[in-house]
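Chemist: Below are the chains, spelled out letter by letter.
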Amino acid sequence: MATLQSTAPPDTDRPADRPIVRRKRTVLQRLRHDWPLLLLALPVVAHLSVFHYWPTAWNIIAFMDYSPYRPFWENPFVGFAWFERLFADPYFAPALANTLKFAALNLLCMFPLSVALALAMNSIISVKVRSTFQSIVYLPHFFSWVLVVTVFVQVLGADGLVSNWIMAGGGERLDFTSNPETFTFLVWMQWAWKDAGWGMIIFLAALSSINPSLYEAAASDGANRWRRMWHITLPGIRPVIILLLILQIGGILSVGFEQYQLQRQAVGFQATEVLDTYVYYQSIVGGQGESFGTAAGLFKGVIGLILILVANKIAHRLGEQGIYQKS
Amino acid sequence: MATPSDRTPFKRRSLFKAAGLGAAGAAGLPVLAACSDIESSGGSTQATTGYDFLPTHEEWPLPVEPDLVGEPPHHPSGFTSYPEPVQAITDLPSGSGTYELTVPCWGPAPAKDDPYFTAVYEAWGGTKLELRQGDGMTYGDTAVQWVKADEYGDGIQLFNYMTGSFSNFQETVVNSFYDLTDIVQGDISERWPLLAAIPSEAWGYAVWQKDPDDPETAGIYAIPMNYNGGQGNGILARVDLLEAEGLAMPTTVEEFLEVARAWSDDAAGRWATVGLDWFIGQWFGLGGTDGWNWDPDQKKMINNIERPEFTELMEFRRTLWDEKLIHPDAPTGTLDAAAMQEAGQVMFTQDNLVRWNDYNLKVKRGEIEGRVAPLPPLAAKGRTPTVAMAAGSGGWTFLNKNLSREQVEEILDIANWCASPFGTKEYELLNYGVEGEHFTIGADGTPVFTTLGSEVVQGPVHYKALACQVQTFLTGDPDMVAERFAYDAAIQDYRMENPFEGVRIEPPAEAKAAGSTLWDQQQDIAYGRAELSSIPDMVETYLNNGGEAARQYYTDAYKALHGE
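In order, the protein sequences belong to chains A and B. Residues 1 to 327, numbered by this note's numbering, are exactly what the first sequence covers, in order. Residues 1 to 564, numbered by this note's numbering, are exactly what the second sequence covers, in order.
Treat the hints as calculated values from the structure; they're not laboratory data.
Computed, partial: chain B to chain A, Cβ under 10 Å:
no., residue
1, F169
2, G333
3, A513
4, A514
5, D524
6, R529
7, A530
All values reported here derive from a predicted model rather than from experimental measurement. C-beta atoms are modelled at their ideal positions from N, C-alpha and C, and glycine is treated no differently.
My request is simple: use the sequences and hints to build the entire structure.
Modeler: Right, dumping it as structure tokens:
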């Protein structure tokens, strides 16, 4: 096996008064040396440039009275007028509040649920039971929201399966999928069914990286199941938990679109309106145009950026790596 | 342009610093055009008459006179017999181009290789006009993106009601679509005799101005889809089910409620309706354009929601919900009301009156049972009923501005062919397809669709809406034509004049957005998600967030039309 050796002469051969000269490689030399890596990075850079950085630059239309039908430079600059209109709209604040409510609920309820599912899964020894359980809990992730909402309406809707059972037994019609007061719980149920299993997979991968001999050693020292989970499992997957938590906080204002849009008519706009549906109904259906929608999107992005920076900072303070470090 | 805000320069500089666009700013980008007010999407009002550049109207003699003569457009004439069709265009143009037209489609799109298309291409001279169908339910919203991205092919059909999704439809039209003025103005009867014969009012509805403030910049930007009047929509009742229960057709809103209560049985799975909303405002005398009407007593533009009758309407809708006279899943908006009425689960449906004809034809073919008929005009509290009728174009076919003049003329050749009225061979092929494949002649001498014809040809748009016909008639099943003609005659006395007839109004975008939210709030009240007591708050919020601006806008339009 070849070993890497330094080609520089040993320090002992160098005259004591000779200054250390680090030869800086030219750009050409570096290109010649790193071209395979650059080639590998090229598709990603191209993708990011075309689909992320270039559209990001167009955020500038949030500060213009933009029309796609005139040359870009002829669009008048209106400062923060669109933002003023956005913040003055009496329906913007409720949409923001709903968004934060659903985001907090998702963070507090769904995240631990995925971790708990991963731990439960990890404790199943039978391969057959394990693969069946895994399929049942994560396959709904691949269902579209249209299907998920339809299934819920068919089962729990006012004219659905459960409602008809109750009425056949002399009870009152169930009003669950069209009741704004129970909508938060309905949303949680839909998340749990559709996405908890998918969230579990990443934690399962992290769990598999924990050295099994740690469990054996702890067991031989008399640690019970709970102790092993508390002192080995959870610390083992803590970096992944923190990483995902930060990423989720960054996207906290993006709680989704289809799930709320599909149930908007049934439950009413006041309970279902989140920022994404607000932008759709105001700028596309309501016809307020591109600049208004971009202003709302930019607001969302800035809040997300601030949250992700704060969360990353907190992670560093707690001794975790977070998503990036300066050094 | 409004005076720039004194805070604007600072914000502008900060923005450029942050975005790294100093160079662009120095080049005179938005800095020189600084303006703190939003001026786009401010709405437009377009007169539809009084232009000297419209095609010169030239009568085209009808091949056969109608059996029932009405007063078009609100009371169209009708045919109770099927005449032997004659060839309208004898000097057929020869076309070799292939074009793509985007059209809305409700239901499954027909197979593109159906013989119907081949036959139509051949009949109108060889030009291929391939259809690109978009889902009719979401067509208006998605069409905005297609048009702005120039991804709609060589032309697109848009219904009038779909244009509200555009933040500034006037700007879209004059920038995206072909200005037909030079081609169709004046005497066009030699090359396009049928286009020259369609009502000038229809062409007037296809006029837009490049500069909304300058009538001199007006031009023709579309081929009108139709020119109709009368009552297009209504409430269809299952007459046979009413008779079976010994119930009479309601003639007032109060009687309607009594019938609905008598017939509905929530536990047994039958309800009076699947939801009544957009149509029944006129039962309470609420009309106008976008809810705006001139009040001669107050000498002021008033929105329907400011009138006491609006509260009555919301109380009526809420009663339907509270008393379980509506299907419990109605708020989802996803129920197939027509199918439920056919199955006998619901008594009344809110629909286009075309379904009156469709339902009874299905019965004649033995596919379903029962009989439907529209409710007569209703009113509450002893008031005189009103029926909203507005003459105008329901939509347009726009052509891509990138087409050459020759290409546009070739498509106009097709439009001329499609403008052929009832009684012509062109109309028969376009509307019924190929005899033997898509239709057969029934025992009463009228065309009857085959299953294939129902799937491919019977849809409401296709080429049938490419151009306005010379004259629109009531046609089809003789019994239905007679019934519809009599119904149209009976409702003429209740016609409610639209104060904005003759102008096409696009309200400011802010008012459109406020109107969209207002509708959501009405649905909340109607379905028990908000209280009736919230109506004053709802009205105030609407007026403060675009409603007052809309009032001023409609007031100006009204005064321009009717004088001070």
